[in-house]
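Take a look at the letters that make up each chain.
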Amino acid sequence: MSGLDSAADALLAQRAADGDELAFAVLVRRHASYLRAFALRLTRSGADADDAVQDALITAWDKLPELRDPRQVRGWLATIVARKATDRIRARRVADDIDDHEPAATASGPEERAELSQQMRELTAALDELPDEVRITWTLREVSGASYDEIAARLDVPVSTVRGRLARARAHLLERMMEWRRS
Amino acid sequence: MSDPAQLAATAARIDDAVAAVPGVMRLFPADSAAQRALAQVADRETPLPNAAVRGDVVELSIGVDAVASAREVLAAVTEAVRAVAGPDARVRIRIARLAAGAADAV
Amino acid sequence: MTETNGIGDSGYDLEALSAYADRGRTPAIAAIDADPECLAVLDSIERLGTLTRELVADDAERMPPPDENWIRALLESITREVRAGRDIPFPESDDTARFVVTEGAVRQLLREAGDAVPGVLVGRVGLRVTAAPGAGDDGSGTTEATPALDRADVDVRISVAHGTPLAAAADAVRAAASAALLRSTPLEPGAIDVTIDDIHLPDIAADPAAEEERA
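Residue numbers (the working numbering), protein chains in the order written: chain A, 1 to 183; chain B, 1 to 106; chain C, 1 to 215.
Hint data in this document are derived by calculation from the structure and do not stem from the laboratory.
Please note that the accuracy of each hint is not assured.
A short list of chain A residues far from chain C (calculated; beta carbon distances all over 10 Å) [stated by the list, open to error]:
hint, residue
1, 18
2, 19
3, 36
4, 37
5, 54
6, 62
7, 72
8, 83
9, 86
10, 92
11, 93
12, 132
13, 133
14, 134
15, 153
16, 155
In silico lysine to aspartate or glutamate, DMTMM-like type, Cα no more than 25 Å apart, as pairs [as the list claims (entries may be wrong)]:
hint, chain 1, residue 1, chain 2, residue 2
17, A, 63, A, 175
18, A, 63, C, 103
19, A, 63, C, 46
Think of the CB as a built atom: it goes at the ideal place given N, C-alpha and C, for glycine as much as any other residue.
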């Protein structure tokens, strides 16, 4: 059914909301890598990222009828992934060692990373230098476009804390960018 | 009086018989809620049967090929069930999915 | 960034600029908008955001596509009952053999019947089942030779590939829907409305330029 494979997100989301598992499967195939990359930026753990994406997709199936604008399905999926990922991070913190994260756990190995633009490599390094909660706040804001209120609710902190963390992230990243430009 | 193990064995044989009926694409758990509850405590090595056998009532949830005649398939499935469970078995069949054959190869 | 007047001569510090950027620079603050150093900082903040999004997109591209077994397992985990809808009985049911088909199954049937028409992609399917006049719900003990069937009124929204004649496509979908109902369900086809919601470019997968245009 190749027609479905190239159908627009909105049509697929409508059909999946109606109960079409095939349309849902196409959506999953189309967006899974992006969602996983996003989850990985948040959790810094491949296993947690995979679990978060899987949980999110199962939840998404149930909640698809609630999506008002089917064209926004990708962003909507990312929001659910963000929820599951941050839940996981919170549980991880309670359960075990906070320092137990793998900065190297990204999609690319050392060879591929050499191909990334210089800027992206430096940004990655700079992001990894940030404390977890600052990096997570940054990722939610810049990658999923969540509002201050949404981030505050998600992370269970006041809006002023969100504002402060974003400023701190930008201060660090801008400082790094100035260093790169100088060198 | 059938014990649970016997019922499960009968259900498994019904599963196999029904899956072999032309036009039947797949079986679903007849009682999803009960199945999910069982799945949490089951040993995971023996797959749970989809058919549900309660006394002389056999419940099925099936996916049927959309190009087949649904009534013919239902009649054939009823026959297949009674070949296993006896001619007096009462059947309750729910068609939960109607799709073209190829569509089920996800 | 440690000047007593904030950034440049604006009097606003980085935290204020950061929040200003996130607000989309509205309502406009003249002191910031007029200050070159502030504008440079705002620019850099925006570039950081863009770069981060590109980073994630790049990560995504470097990942292997999702494993088909993983997708299969995922589809097995989703709950089907949420979409099943009502049970529609086959009127020839009796106490020894009771047959039903779910509303969800009928909608999937209609969806795929429409998809099978060349150039057509089905979107939403609306289904309204009206009980046959005078028929009991369980259909048992009927004395009629052929029990009256429940009626299905259908509302199909479709997208048609550019170049496919529209009226013919709609007629074909109507015919396919009717035939599918008769073959696979205990429903009498009633009113079948086909609405063309959208035109799509044919076989986009073979034409990446067309997909670019659509985005």
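Now for the hints, and whether the structure bears them out:
Consistency note on residue 18 of chain A: stated as away from chain C, yet its beta-carbon is not over 10 Å from all of that chain's, at 6 Å minimum. For residue 19 of chain A, the shortest C-beta to C-beta distance to chain C comes to about 3 Å, within the 10 Å cut-off, and the non-interface label is violated. A cut-off of 10 Å between C-beta atoms contradicts the statement that residue 36 of chain A is not in contact with chain C; the least separation is 6 Å. The claim that residue 37 of chain A is not at the interface with chain C is violated, since a C-beta of that chain comes within 10 Å of its own (minimum 4 Å).
Interface exclusion of residue 54 of chain A from chain C breaks down, the closest Cβ pair being 6 Å apart, not more than 10 Å. Listed as outside the interface, residue 62 of chain A is inconsistent with that label: its C-beta sits roughly 6 Å from the nearest C-beta of chain C, within the 10 Å cut-off. Taking the minimum C-beta to C-beta distance to chain C, about 14 Å, the non-interface status of residue 72 of chain A holds against the 10 Å cut. Separation of residue 83 of chain A from chain C is adequate, the least Cβ-Cβ distance of about 17 Å exceeding the 10 Å criterion.
For residue 86 of chain A, the requirement that its beta carbon stay farther than 10 Å from each beta carbon of chain C is met, with the minimum near 16 Å. Even its closest Cβ contact with chain C, about 21 Å, leaves residue 92 of chain A beyond 10 Å, as expected for a residue assigned away from the interface. Under the 10 Å C-beta cut-off, the non-interface status given to residue 93 of chain A relative to chain C holds; the minimum distance is some 23 Å. In this structure residue 132 of chain A is separated from chain C by more than 10 Å, as the shortest Cβ-Cβ distance comes to about 16 Å.
Every beta carbon of chain C lies more than 10 Å from that of residue 133 of chain A, the smallest distance being close to 16 Å; the non-interface claim holds. A cut-off of 10 Å between C-beta atoms confirms that residue 134 of chain A is not in contact with chain C; the least separation is 12 Å. With a closest Cβ-Cβ approach of about 16 Å to chain C, residue 153 of chain A is found to remain outside the 10 Å limit, as its non-interface label requires. Separation of residue 155 of chain A from chain C is adequate, the least Cβ-Cβ distance of about 16 Å exceeding the 10 Å criterion.
Distance check on the hinted pair: residue 63 of chain A and residue 175 of chain A sit about 42 Å apart at the alpha-carbon level, beyond 25 Å; violated. Between residue 63 of chain A and residue 103 of chain C the CA atoms are separated by roughly 19 Å; this keeps the pair inside 25 Å, and the hint holds. Of the pairs offered as hints, the one joining residue 63 of chain A and residue 46 of chain C is violated, with about 33 Å between alpha carbons and a cut-off of 25 Å exceeded.
When the structure is compared with the earlier hints, violations turn up for hints 1, 2, 3, 4, 5, 6, 17, 19 and for no others.
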